[in-house]
Amino acid sequence: NAGVTQTPKFRILKIGQSMTLQCAQDMNHNYMYWYRQDPGMGLKLIYYSVGAGITDKGEVPNGYNVSRSTTEDFPLRLELAAPSQTSVYFCASSLRKGATGANVLTFGAGSRLTVL
Amino acid sequence: DQQVKQNSPSLSVQEGRISILNCDYTNSMFDYFLWYKKYPAEGPTFLISISSIKDKNEDGRFTVFLNKSAKHLSLHIVPSQPGDSAVYFCAASVTGANNLFFGTGTRLTVIP
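Chains as they are written, first to last, in the numbering used here: chain A, 147 to 262; chain B, -12 to 99.
Since the hints were derived computationally from the structure, they do not count as laboratory data. A few of these clues could be false.
Facing chain A, a subset of chain B residues (Cβ under 7 Å, in silico) [said to hold, decoys possible]:
hint	residue
1	P31
2	S36
3	E45
4	F49
5	G90
Idealized CB from N, CA, C, for every residue including glycine.
Okay, chain A solo, but in the shape it has when bound (with noise of 0.2 Å):
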């Protein structure tokens, strides 16, 4: 059981560069999330998604885009890239029954991404 699966792991990107996060899990989970770690501080939300077709910004979710076309896959998209978005990526899945409950989240290894 793979869990959830991050490619690339690592990356460089020149400035203005687009590219794509990928993200997958095979738990049947309904919600995923994308966080970003920057050094020396907490994860931080870029977007989250309820289920396939629905998806809503986080607190960071500038120079993001994100789409789920179906349950398994998540994937992170980044337009024009910029320094400001060398970090490492995290993306989450959880299953999410109702609204009450801790919210336990299932997280990939991790993608780092250095703009230049």
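Following the hints, put chain B in place on chain A, whose structure we already have.
Showing chain B alone in chain A's frame:
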């Protein structure tokens, strides 16, 4: 604007002793608190959680204590083992919301 704060970036403890990791929060609406553990080059993994209606939750060597009046929680690891060496993140959420707010993490080193 950090709603969840971990003021100790690092902590070193001897093997077999108690490790105490602290976390403070500012938002009184938070009603679930979670601790995650992260090894290098891996994603965070869930460790233990506590609801705001409780003041303690225990799971094996790990116990989380919640002091709502002080907006403070702590994670106790007893006894500490070298394999516990990792970065520990505190996180908090509000029922019905879809975001987990994370602290900046505390790096725990357990010395054999």
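Here is how each hint holds up against the structure:
no.	hint	in the structure
1	P31	5 Å, holds
2	S36	4 Å, holds
3	E45	15 Å, violated
4	F49	15 Å, violated
5	G90	5 Å, holds
Checked against the numbered hints given earlier, the structure breaks hints 3 and 4 and satisfies all the rest.
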